[in-house]
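Same order as they appear, the protein sequences are chains A and B.
With numbering that gives the first Met the number 0, letter number 123 in the first sequence gets 122, and the count goes up by one each step, no holes.
With numbering that gives the first Met the number 0, letter number 141 in the second sequence gets 140, and the count goes up by one each step, no holes.
It is worth saying that the hints were derived from the structure and are not from the lab.
Beta carbons are placed, not taken as given, at the ideal position from N, Cα and C, and that holds for glycine.
A hint or two may mislead.
Calculated Cβ distances over 10 Å to all of chain B for the following chain A residues [as the list claims (entries may be wrong)]:
#1 R127
#2 G166
#3 D255
#4 L358
Beta-carbon label-pair distances, calculated as ranges [to be verified]:
#5 D457/A to F378/B: 49 to 59 Å
#6 D168/B to D97/A: 15 to 25 Å
#7 E212/B to G215/A: 39 to 49 Å
#8 A288/B to S214/A: 22 to 32 Å
If you want the footprint, here are the derived chain B segments under chain A, 3+ residues with CB under 8 Å [stated by the list, open to error]:
#9 137-148
#10 154-167
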Amino acid sequence: MSSLRLDRRTLLRGAAAGGGLLGLQGLMPAWAQTGSPGLRSDLPSLVGPNIDLTVGHSPFSVGGRTGHAVTVNGLLPAPLLRLREGQNARLSVTNTLDEDTSIHWHGILLPFQMDGVPGISFPGIKPRETFVYEFPVKQAGTYWYHSHSGLQEAMGHYGPIVIDPAGAEPAAYDREHVLVLSDWSFMHPHEILARLKKSPGYFNRRRTTLSGLLSGSDGMSLEERRMWGEMRMDPRDISDVNGTTYTYLVNGHGPDDNWTGLFRPGERVRLRIINASAMSIFNVRIPGLPMTVVQADGADVRPVEVDEFQIAVAETYDVIVRPTDDRAYTIVSEAIDRSGMGRATLAPRLGMIAEVPPLREVPTLTMADMGMGGMAGMDHTAMGHPTVEASTTTSMDHVAMNMRDPDNAPRDMAVGVGVDMVAMAPANSLGQRPLGLRDVDHRVLVYTDLVSLRPNTDRRPPSRSMEIHLTGNMERFMWGFDGRKFSELVEPIRFERNERVRVTLVNDTMMGHPIHLHGHFFELVTGGPEGHQPLKHTVNVAPGSKVTFDLTADAPGDWAFHCHMLMHMHAGMFNVVTVRPMDGAAG
Amino acid sequence: MTISFLRLAVATAPLFLAAGTATAQPQDPHAGHVTAPAPARTPAPTPADPHAGHDTSTTAPSPAPAVDPHAGHDMSATPALQTPPADPHAGHDMSAMSDQAADPHAGHDMSGMAMGPPDIPTSANDPGRSPEAAPPPAASRGPAHAADLYFLQTDMVAARRLLIAENGDIHTTAVIIDRLEAGVGGDEDSYLWDAQGWIGGDINRFWWKSEGEGEFGDGLEEAEVQALYSRAIDPFWDLQAGVRQDYRPDGEDVTHLVLGLQGLAPHWFEVDAAAFLSTDGDLTARVEAEYDQRITQRLILQPRIEVDLAASDIPEIEIGSGVSSLEAGLRLRYEIRKEFAPYVGVEWSRAFGRSRDFIEARGGDAEDTNFVVGLKAWF
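Same shape as in the complex, but just chain A (with noise of 0.2 Å):
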């Protein structure tokens, strides 16, 4: 990249923006354009209680090339819906595609039948009709809005949701910009989906080789790459879709666009960031500045501070900043596999740019994502230690014979094609760091340090306790619970109407799974102060590992369960959940 034409870039951008021209960005809502002095009431963001949305085509450009893209408004990201706590929400959706659309409004608490879903909770949007959502905000928080039809969601179609609390907000802060964090191709996701059916290493780029063996690059012994051959799994499969196609977007803009949110050195800058990306977990930080995480999956969390951490797909975190120097700052966004990144700048004016650091080593997978974490006397491979040999040769023979027995799930598991692995002993993975960033030397996020701030108000005993396990078949690119797709007519998983239950999440699988359950929140069990368990929407199940949850039921209705993956999802990797009775529902 060269810093002359940047430079020059963003002076020009400066100028129009200094020359009341934003206009001539187009595509992006005034929050999201580059320059951005902050969220203030008197941008124009949405606002209820009524708001018209309009799906429809419109062309999207980054890094010097137009796509096609599926916009809300015409825009790339939807425009930012502002919201109370308390209010009446009124949502008008009009569908000028050619097909079906809908938008489903993640991780906000309402009836089922608002939900968004098609297929579960309504019809879907037909071309040229209008669906009228309306529901009460009964939260406050981050949050975003998606389309859940087909899978438009990863040609444009999400944007940011934050709604003002009722009472007075917890975290004290000066400014706010909201960092709606993607990933764009300009390869059509039917397309990427159809290659990943036929190679699914596709997209990869950093497979181990001889040169990297020999040169000792790989970072991995002769043994242990014997090892990952014998079971026909790739240590290097990080992500399924990455940077070789992917352009990392923050608000819609690529690296060299460079996205800029402004500050006055002293202020406490909330960043509000999601994660609206189709295929990428991010790992998140702004080199030179601590973040404090004060909301997780818009549940406001007791503050920790930290140095970087990690960003499903699908999860919010909002973090507060204090620059107090005069300079500016890089906010880096890159892709788990390292394949690439998302760059904004937080800076006290525009053209003011920070360094960006170059992308770090790709991770390699260890026993511990192949499930084994869990094992007596392997915890320190779980514990990321990079140096496995003292236990590679003497448990790896017996290891690879275990990988898929059908004994370490439960009974009605289908131990099948579609499953070629069973994690054999997964360890607890909340307590540690997440993948790729186990050696960084820096404060690294972990979910046992989320604490909410306020007490949770179930705090009865789960009743029963139960284990659905992520399965798939890397090979064939298919994906499911318990060993089945959803397209195999699979049960629903019933649970009674606020029913308090243990749901433990086990991942026979080398991915992360962002798991999301729609219209609930569920309380993460991290062993931490005691009522007061995070809540989230969305929790990742790191490779070979497991992920226990309380749930209590209080929803009544259908709501989709699945992989935020938008192919695993796509691939199967989805369930319907059901509370029942419906008696006194709400609607």
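Here the structure of chain A is known, so what remains is to put chain B in place on it, guided by the hints.
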């Protein structure tokens, strides 16, 4: 006919046995299990654990009140690196944790801050596929589909059908040209194609294969087309059955029944093994295996081996019983794109036993080495 099928079964048995060992999963549920629930971890000062090994004396927040872990932090001057994390557990009375019903660590020494999340046991801790508690009966009360209460049932039925199709029922079409190449080194320059393709879902596919070869001077020597039903029977293996039609400009066109197994063996060997029963009653088999050794991300060395077997002599096409021929090739390709890779290589072939006799009897060479240049492509 009965005899032919018997012969087919006998001839293919080793084939499938071999594949079976490659794919079978050992059933001993205890091998490899060390213990059931992992014991509570003792604090270990590893970099992965944000709470372990902190020297709390260096920076502020150890005695800070629980609600405000930042007490004592000077936010304006916090250096970026090497600062211990603000500890959300600081100041908590950990003894309160012990009365949390589901906490398996209750009673453990909580003094260290390395306390991880509780280890909730799963099936892996309890081998034997124990059943789960069923949902309460009330969970099944009421309508099967809640949305039918609010929307036209006909609309919902159509939407549900689409939802099912869009979440797992993916159909794909693939065309793979494994080898499209020219060879030099024999009596005459030769050409060869070896292509296949499939259409269908994850389990059931229509699969076709075609290969043929000839000499640039003499024209087509032999060609075949297979049309197969392919069914995934294992994460890595497809069972295939169908017909094969041969074309021989200088002889008789023959039709075969095909039964084969195609997939990925451990260590990433791509294997295609099939038995063929011709309308003349001749039983033959063919096993191909290839391996991609990535030298760099784009430069790939592919060893390939093909063995042809026959249950009896077929003099018309110079095939003798037993191992009739062996081909071994080494191709070095460069992936300009993943789907488009030209290559150069060398291919060695040799006939054995009666096949060799047949070939030598007409003055031909039983052994042949060719240099090849070609293209691997798929779309």
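Now the hints, each set against the structure:
1. R127: Non-interface label on R127/A holds, nearest chain B Cβ at 16 Å vs cutoff 10 Å.
2. G166: holds (17 Å)
3. D255: Its Cβ never comes within 10 Å of chain B, the nearest being 24 Å, so this holds.
4. L358: holds (16 Å)
5. D457/A to F378/B: 49 to 59 Å: holds (54 Å)
6. D168/B to D97/A: 15 to 25 Å: holds (22 Å)
7. E212/B to G215/A: 39 to 49 Å: holds (43 Å)
8. A288/B to S214/A: 22 to 32 Å: The hinted range 22 to 32 Å holds for A288/B and S214/A, with Cβ atoms some 28 Å apart.
9. 137-148: holds (count 10)
10. 154-167: It holds, with 13 qualifying residues against the three required.
Every hint, counting from the list given before, is met by this structure.
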